[in-house]
Structures are given as structure tokens and as C-alpha cells.
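Colleague: Here the protein sequences come in this chain order: A and B.
Just so we're aligned: 112 in our numbering is position 112 of the first sequence, and the numbers increase by one with no gaps anywhere.
Just so we're aligned: 79 in our numbering is position 79 of the second sequence, and the numbers increase by one with no gaps anywhere.
Calculated pairs, BS3-like style, for lysine-lysine (alpha carbon to alpha carbon, straight line, at most 30 Å):
hint : chain 1 : residue 1 : chain 2 : residue 2
1    : A       : K58       : B       : K156
2    : A       : K316      : A       : K335
3    : B       : K16       : A       : K294
Some but not every residue of chain B turned toward chain A, in silico, with C-beta under 10 Å:
hint : residue
4    : T2
5    : P6
6    : E9
7    : I10
8    : N14
9    : Y17
10   : A23
11   : E24
12   : M25
13   : L26
14   : D28
15   : P159
16   : A161
Here are a few chain B residues that face chain A, going by a calculated C-beta distance under 7 Å:
hint : residue
17   : A27
18   : R157
19   : V160
Calculated from the structure, these hints are not laboratory results.
Glycine included, C-beta positions come from ideal geometry on N, C-alpha and C.
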Amino acid sequence: MNISERISKRVQGIPRSGIRDFFELVQGRDDVISLGVGEPDFCAPWHIREAAIYSLEKGETSYTSNLGLMNLRKSIAGYVEKHFHTQYDPAREILVTVGVSEALDIAFRALLNPGDEVIYHEPCYVSYNPSIYLAYGQAVAIQTKVEDNFSLRAADVEAAITPKSRVLMLNFPTNPTGAIQPADEMEKIAALCVKHDLIVITDEIYSELLYDRAEHTSILAFPGIRERTILMHGFSKAFAMTGFRLGYACAPPELTEAMMKIHQYAMLCAPMTSQVAAIEALENGAPEVERMRKAYERRRNILLSRMDAMGLPCFKPGGAFYAFPDIREFGLTSKQFAMQLLEEEDVAAVPGDAFGKAGEGFLRCCYATDETQLSTALDRIADFVGRLRSR
Amino acid sequence: MTFMDPLLEILHKNAKYTASQLAEMLADDEAAVAARVAAWEEDGTILGYQAILNSEKAGNEGVIAFIEVKLTPERGGGFDRLAQRISKFDQVTDCYLLSGSYDLLVTVEGSTLRDTARFVSEKLSTLEGVISTATHFQLKTYKQNGLMMHSEASEKRLPVAP
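Looking at chain A on its own, in the form it has when it is part of the complex (with noise of 0.2 Å):
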């Protein structure tokens, strides 16, 4: 028997991960300076893992209900009205799920017939387009442009829909670019989905992470929005709690109770000492949230300063805590660049084509990691570009 023949025709037809690839070279090398990593360098702030330690201690180890504890959902439901101004009834519209990842594949899931389109901007976060094709539905992305600073044209969006458009995906503050979205496009952009009837799934989990003082604009603030949409959001990324894998979907009863319909059988619940930190986190976090806020907008200043020195263009990034350069002056590809930095530099930083044809060219550079590591990286970066422009 071959065994690979046996893997199901569509999930043969999922290339590999870029990331992946990449991470296994990183591997095998130490010393490597990493600007690789999509997640805070902070450890979850002590609170809330002494929160998690306390509810472990009590032997609350059960199973949740399926929505997620009741208390999560009510902070959850608080929180979004006072960060997203929408409000959620915690009992019929909230859905708590192992981070946004998931609540992403059952949203999919649960909206699109075989055939059904998505449309959605890249680059992107690498789970988009293989999360579509797995629930049957059709990506189509739309490449937005460094000369937009990456944001969505509403017109790319109008050009983008068919008769099959089910679908706008929309991802602000954006992992890979940190770009985000001017809401006056925002605003075109809604009414776009109101005239064609279409759902929003909106990813927000980097909204907390902006800088320059801007306020996040989420689509949801325009009118005939909240009724079909998606909002997604979770725990990773402001509150530096990646591996709690907890995140959560807002959204009108009857699609959480289908996206529900999923989760309760693929996952049961959400993990409840992570809930019960998630709870923690929500009623007690901000200060911790603006003291990381704060150290990541420093180290976007210095990591922008530096790349100005060395005179590689980079879009001054709104959010999130990513910088996107634009590496085509040397004529190498995303890969080659990432590479030849790798190995003469021991810099990792992914290539960004992993995030889709738009991110060919560019970078993804992280600058989640420390002053001084950062720092070390940037010189490094400074002494390949000029190896490479003498060459």
C-alpha cells in the first residue's frame, strides 16, 4: 500500500508551510539572532499565570460549556463594548475557541458552500488561504500594495466581487506588513458589504498593538456591519499568552450557533485553565498590555531609524509588531535574501512570499525581541546590505 496515496486528495494539495521550511534551516544553526518569531518575547504577565496556577490548585479541570465559561464570556462581551463599541449578548453570540486559528476554520466552515468565494488581502497570515480550500470555498486575494502602506482599496475589493462572493476576510492591524486600515476606505469598504450582501470575518487580535496614538477602526463601527460579521480576537498578542491557544468569535446567534455546531464537535471547549486566565487577563490586564504596547512602538522606532540609515525602504508600520522592508533593489528573491541572511548573518527573518505573491520582495521582520538582540540583528542586517550593494 502507498500510504501517501492515501492522504486525502485536498489535503495533498496544500503546499507546505514557507514558515516551516524556514524554521527547519533556523533549527539546525545557533547564535541565530531571530526576528522570525510571530509572537511577543514577553512572558505572560505574572498575574494571569497566577491566576491559571490558583484555578488548577481549586481542581477546576473539567470541561467547560461548550461556548466557554459563562464569566469569560460576560468579561468578553465588556471588553469588545468598550474596545469595539458593538455589543454581544454573552449567552447567544459569543464563542470562545482555542485561538483565533480555530474559530478562522469553523467560521469557514460553517459559511461556505463548495465553490463559494472568500475574498481576502495579501499578504496575510499563512492559515487564510489554506483554511478556505479546506472548508471547500475558493480564495480570492487581493494584493495590496507597499505604495497603499498595505492597506485595502475599496475598488480592489469592488473588483474582486462575482455572483459567487460569500465572503470579505479582512485582517487590521495585518500580520505580515503592520499595516492598518484608513477608515474612510474602512467605511467604503462596508458599504461595499452591505450592497452585496456579503459576511465579514474580521481578525483583530493585533488591535490593542498600534502606535503614533492612532485609535483602531474596526469595520464594525459602519452601518449594517454587526449583523454580518465575524469578529475574531484572542489572547496571543496584547496579552502575550500564545501557548494559553485562546481566542474567541462575537458574532449574531445564528452564526455562532452554526460555527458552535463545529467547535462542539471538533473541540468540545476551549482549555478551562486558559479560560479562567483569559478571564484574568480581560478584567486586570491593561497595564501590562500599555507596558508592552509601549516597549514594542520603541523598538519599531529603533528598528525603522536604522533601516533609514541603511537605506532600505520599509512603510513606517501603524500596528501589530512587524516590519515588512522592501529587499527588491538587490534582485534576489524573498527566499534567497532570507537565506543568504541566515547563513552569512545568523539573522532569521521570513521571506515574504510565505505570505503570499504580494510579499515577494519584502521581509518579514518581527521586532518582538529585546532592545539589545534587536539592535545586534540590525547592525548584522546593515553589514549584509552593504556586502550585497558592493558585490
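Since chain A is already given, all that's left is putting chain B on it; use the hints.
Modeller: Positioned in the frame of chain A, the structure of chain B alone reads:
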């Protein structure tokens, strides 16, 4: 601690940054940053810069005591005059006026136990206005100035992640 000024906030965490590094972090001008720091040093907003030491590793054999002091407040000046007077002793490293069952919390550093005991019995207790003292000797430091004395090794992050 939180400060309104981001520059002070950074310096309070780590005073070793150069003006150029500070300027880079704050996307500000180096000369302007240096001038602001100089002004704070001048007006006493910044009182000094010190390394925070792990006493054990640094080989400090001295003794540290925390002393609760009860005082009789004075008409007009309250506790200030006496607190200032106590603070001026070289052995006193910190002195705070507190609410609660005693008035001053005084931290004293001496080279030996006897040294410290002598300071308390001969200098501190004998001051006019000091009603009573209670001395607590420090046995071990776990955290100081926001820093853990012994940090636990933590699991390293993956070098590449989505």
C-alpha cells in the same frame, strides 16, 4: 511605576541607554533628548544613577535592617523635621513616612549586626521625639527595584513562527 514622560519611563527602567539610543527609541532628536536629561539632572528630577546589585553575588557582607519608628509629631512641622534629621545619617538608605501603626519606615545598612544595633540604640532611639522602634533584620532578598534576584530559566521561543 508609571510616568507621564516616556523618556523618564525608559530611564527609570534602564539608565544605561545613550542619548542616541534613547532618541532612536522615541523617534526624537539626539540633542533634544540629551538636553532634557541634562535639565532633569539639573533640577533634581533625576537624583542619580545606580547599578542594582545582587548582594550575594557582589559579596556584600553587610547587614540590612528595616526599622519601624514611632514619632511624636511637632506642632507646625509634623514629622518632617525629625524625618529629615534621621534621613541624614549615612547608615540610613531609605526613609518613608507611612500610614498605619507606626510612622517612619527606615532602612539601615551596617557592616555588622552590632553596628546596626548600636546605631538603633545609640542614635535613633535617643532622638527626642522618637517614641519607639522595632528592628527587623533582612534575611534574604527575593526582589529589589522591580528585579527578581534569581530568574528562572524559561523555555525558549521557537525561532520561526507564523
